[in-house]
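Protein sequence lines correspond, in order, to chains A and B.
According to this note's numbering, the stretch in the first sequence is residues 1 to 273, in order.
According to this note's numbering, the stretch in the second sequence is residues 274 to 615, in order.
It should be emphasised that the hints constitute simulated quantities derived from the structure, not laboratory data.
Hints are supplied without guarantee of correctness; some may be wrong.
The calculated lysine to aspartate or glutamate pairs, modelled on EDC-like cross-linking and capped at a C-alpha distance of 16 Å, are [stated by the list, open to error]:
hint	chain 1	residue 1	chain 2	residue 2
1	A	Lys83	B	Asp487
2	A	Lys83	B	Asp280
3	B	Lys345	A	Glu227
4	B	Lys350	A	Glu92
Computed footprint of chain A on chain B; a stretch qualifies when at least three of its residues, placed anywhere within it, have a C-beta under 8 Å from a C-beta of chain A [to be verified]:
hint	region
5	280-293
6	301-310
7	347-358
8	380-389
9	517-530
10	546-554
These numbers were taken from a predicted model, which means no experiment stands behind them.
Backbone N, C-alpha and C define an ideal beta-carbon position, used for all residues, glycine too.
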Amino acid sequence: MKNIYLPEIAVIKDIKEEAFEIKTYVLEFLNKETKTKFTFNPGQFIELSVFGFGEAPFSISSSPYRKKNIEICVKKAGSLTKKLHELKIGDEVGIRGPYGNGFPVEKLRKKSIIFLGGGIGVAPLKSLIDYLLKVENGYKEMYILYGAKRPKDIVGKENFSFWSKKAQVYLTVDVSDKSWKGEVGPVTNLLPKVSVKAKDCLAVLCGPPAMINAATDRLREIGLFEENIIATLERYMKCGVGKCGHCTIGNKYTCIDGPVFTSKEIKELDKEF
Amino acid sequence: MKNYILDKNFLKPFLRKVMKKERLIAPIEFNKDIIFDFIDEIDEITTNFTNSIISPKRFFFPQSDTILEYEKTSHVKVQPIVSYERRVIFGIRSCDVYGLLNLDKFYSLGYEDIYYLQRRENVTLINLVCSDPCENGFCIYAKSGPKAEVGFDLQFTDLGDKYFVEVGSVKGEELIKIAELFFSKIIEKDEERRFEVVLKSKSCFSHLYVDLQDAALKLKNNLVSENLWQELADRCQRCGGCNYVCPTCTCFDVVDKDIEGQRGRRVRLWDSCVLGGFTRLAGGYNPRSRIEDRVKRKFYHKLSYEIEKFQATSCVGCGRCTTVCLGNIDTASVVRRIVLGE
Chain A
1 MKNIYLPEIA
11 VIKDIKEEAF
21 EIKTYVLEFL
31 NKETKTKFTF
41 NPGQFIELSV
51 FGFGEAPFSI
61 SSSPYRKKNI
71 EICVKKAGSL
81 TKKLHELKIG
91 DEVGIRGPYG
101 NGFPVEKLRK
111 KSIIFLGGGI
121 GVAPLKSLID
131 YLLKVENGYK
141 EMYILYGAKR
151 PKDIVGKENF
161 SFWSKKAQVY
171 LTVDVSDKSW
181 KGEVGPVTNL
191 LPKVSVKAKD
201 CLAVLCGPPA
211 MINAATDRLR
221 EIGLFEENII
231 ATLERYMKCG
241 VGKCGHCTIG
251 NKYTCIDGPV
261 FTSKEIKELD
271 KEF
Chain B
274 MKNYILDKNF
284 LKPFLRKVMK
294 KERLIAPIEF
304 NKDIIFDFID
314 EIDEITTNFT
324 NSIISPKRFF
334 FPQSDTILEY
344 EKTSHVKVQP
354 IVSYERRVIF
364 GIRSCDVYGL
374 LNLDKFYSLG
384 YEDIYYLQRR
394 ENVTLINLVC
404 SDPCENGFCI
414 YAKSGPKAEV
424 GFDLQFTDLG
434 DKYFVEVGSV
444 KGEELIKIAE
454 LFFSKIIEKD
464 EERRFEVVLK
474 SKSCFSHLYV
484 DLQDAALKLK
494 NNLVSENLWQ
504 ELADRCQRCG
514 GCNYVCPTCT
524 CFDVVDKDIE
534 GQRGRRVRLW
544 DSCVLGGFTR
554 LAGGYNPRSR
564 IEDRVKRKFY
574 HKLSYEIEKF
584 QATSCVGCGR
594 CTTVCLGNID
604 TASVVRRIVL
614 GE
């Protein structure tokens, strides 16, 4: 019987400062077999061990096409991420996974896609966007709408300039400063910039719950089908394998039934809560 | 499977033989309470009890369980700590046997949990039929007692001067082989007496009827007033006691603890879904910050979702939550109120 709780050791190969208190970690498995065998779908997550500080779930932010290593994007929020932010290149961590269902990439084929991200919520979207840009007929057209609290909170500025060559990219901040020349306001304010055939369009959302709720309402208003509004949810997925119980919503486990749900599914779950 | 008779005078000699081969767990008296514990002295064992305050679940899913050790030297080394010890539990009650059957399904569904399943595989259960039902138990309505129909390896029914022994599995048969001389053949009269003991026990339940199925149906069809959850929330002391004594609660937390220097261990601990921090995220967001939502989900999980998943509620009617709940919102009371449409 496989021990599902046993992490594989990985080494931190690189660390990038992405934004205020947000860093990207490039992780590579020590074990050669694991390194070659490890595959995942965009939207899946790993359980990361920082030994002495426990385990926590993180979306993989790199594309599955990228071999040899994976990336996670981490905001300093609790005790584990605080310690992770102190680690250096060459330090070792543990990885279990990948877990979760991931995004329905087949459903996105040849479709217009609106990405809506808030703050660190761009991490799982990045994996999917990079994947779709590479795969043949992955999408028809792509809009990337992203909002951060302040200009210094924008995660991975160079990603947006890279994506803007192939997609329509719009950024906004809640609170601007002198350096900021762009939009100010919630990310949903960017939706009027999108011109798509609603019935042929899917939206992929990741961000704080208030953003997801507001965006879902607006997307419904402009005519998107509920099953075409897709969100990846953040919950306390302590084990990642449907056992510990912390990530449950109604009768679903975010870690195994999600973390990607359609707006229709979320509405069903919401019935009781 | 065969049935046997074990003279009560042979119980301790039999268990002594068992102890020589495997680790024995049995009920003992501890500070006037009954608990299950590892046995070093055969005379510690008591058979004069209704049920233990905490279920024997902890021998499969301990309250605190080291699942691995790590050492941060030049490379991090991780060593899993899995128990393969062979054990016998004597005196487990039917409700707790059914509790284990529920846990078996949960821990083997999808990803298999090696820590639970290995301990389970290496245990032999000797179930003791309740001839004198406990005050708060309603196993008879949960269809999990006073006598077990499945799940035991051996099942003992107290016939006064002897035990009627049912064999439920190959493991049970093998345990008898350890001390075959103590076991004798049954005669027809023994079967009759066993039948009478169980019948008498069934007639002795003082507990009011608890209709788990009807409550489950009402929950599924959302026929429960929001006021009920509000009232339960007001009464809940947020102590988590119901979860800790429950033979079918499975939730856990995982923490790392330093041993010394660069060594440490990863421990999983019982957790409780009614505690405020249960669903809180590192950033502070808490999807079930309201106690109403936590209490509501607890009962939906135990009674409704479990039927969808495992075709049975996960309440086995042991009545332990009735014993510990300070706010009188134990499963039996809540089920009755749901059924009455309060």
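task = Quick one: which hint numbers does this structure break? Sort them smallest to largest.
result = 1, 2, 3, 5 and 6
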